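Position chain B against the provided structure of chain A, taking the given hints into account.
Chains A and B are the protein sequences, given in the same order. The opening residue of the first sequence carries number 1 in my numbering; numbering runs sequentially from there. The opening residue of the second sequence carries number 1 in my numbering; numbering runs sequentially from there.
No lab work stands behind these hints: they were computed from the structure. All the pointers check out, no bait thrown in.
List of simulated lysine-lysine pairs, DSSO-like, C-alpha gap at most 27 Å:
id, chain 1, residue 1, chain 2, residue 2
1, A, K55, A, K108
2, B, K57, A, K108
3, B, K57, A, K73
4, A, K108, A, K73
5, A, K70, A, K55
The model shown is predicted, which means the values in this text are computed figures rather than measured ones.
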Amino acid sequence: AQTVTQSQPEMSVQEAETVTLSCTYDTSESNYYLFWYKQPPSRQMILVIRQEAYKQQNATENRFSVNFQKAAKSFSLKISDSQLGDTAMYFCAFRARVNRDDKIIFGKGTRLHILP
Amino acid sequence: KAGVTQTPRYLIKTRGQQVTLSCSPISGHRSVSWYQQTPGQGLQFLFEYFSETQRNKGNFPGRFSGRQFSNSRSEMNVSTLELGDSALYLCASSFRQDVNTEAFFGQGTRLTVV
Numbered sequence: 001a002q003t004v005t006q007s008q009p010e011m012s013v014q015e016a017e018t019v020t021l022s023c024t025y026d027t028s029e030s031n032y033y034l035f036w037y038k039q040p041p042s043r044q045m046i047l048v049i050r051q052e053a054y055k056q057q058n059a060t061e062n063r064f065s066v067n068f069q070k071a072a073k074s075f076s077l078k079i080s081d082s083q084l085g086d087t088a089m090y091f092c093a094f095r096a097r098v099n100r101d102d103k104i105i106f107g108k109g110t111r112l113h114i115l116p
Numbered sequence: 001k002a003g004v005t006q007t008p009r010y011l012i013k014t015r016g017q018q019v020t021l022s023c024s025p026i027s028g029h030r031s032v033s034w035y036q037q038t039p040g041q042g043l044q045f046l047f048e049y050f051s052e053t054q055r056n057k058g059n060f061p062g063r064f065s066g067r068q069f070s071n072s073r074s075e076m077n078v079s080t081l082e083l084g085d086s087a088l089y090l091c092a093s094s095f096r097q098d099v100n101t102e103a104f105f106g107q108g109t110r111l112t113v114v
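So here's chain A without its partners, still in its complex pose (with noise of 0.2 Å):
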């Protein structure tokens, strides 16, 4: 069975500075996808960042990056130059298809506090 654990119940940093988000998972398949999802305060999930298993370059979108170590199963969000608006909760997911089962799978997320 496949499990995505975020270590990290809770973070805070101050504004402007860089945080990175663990996040580690476990899983036999070799064809996968993983994501990193924002909840802010009204509720939205908001897809942040995406990597396919089977690309070797980190995913990159404007301040967010990752550190995907596939042997490892390590998929760890990198957040520079952090902004207020980043204040929300962060979840680390996973999406195989296993026996045409392809259900994303969420850790119990980080909630990250940007203070001024």
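This is chain B only, laid out in the frame that chain A set:
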């Protein structure tokens, strides 16, 4: 383009009652998934519908059911409500049922069972 719309946003029900939640996906999206979010368990997958057929189901009791209509709108029903069913229920829609397809989420329905 309108996003995923979930109604109602808030709901208070009494134990033993039943409830129906609605999700209208983004126009053109045929896949709709439902998730239960609680502080203790996080986000847990309930079920996924594609072209009116349930394709995947999570580990929830039979009290949780759903359906999808020909216009891709989906409803989720919970019968004989229990206090533990209090949660944020999120719906996500995708263009197709594929692992590399981005899922777009609604704002959720906050269900409180008293």
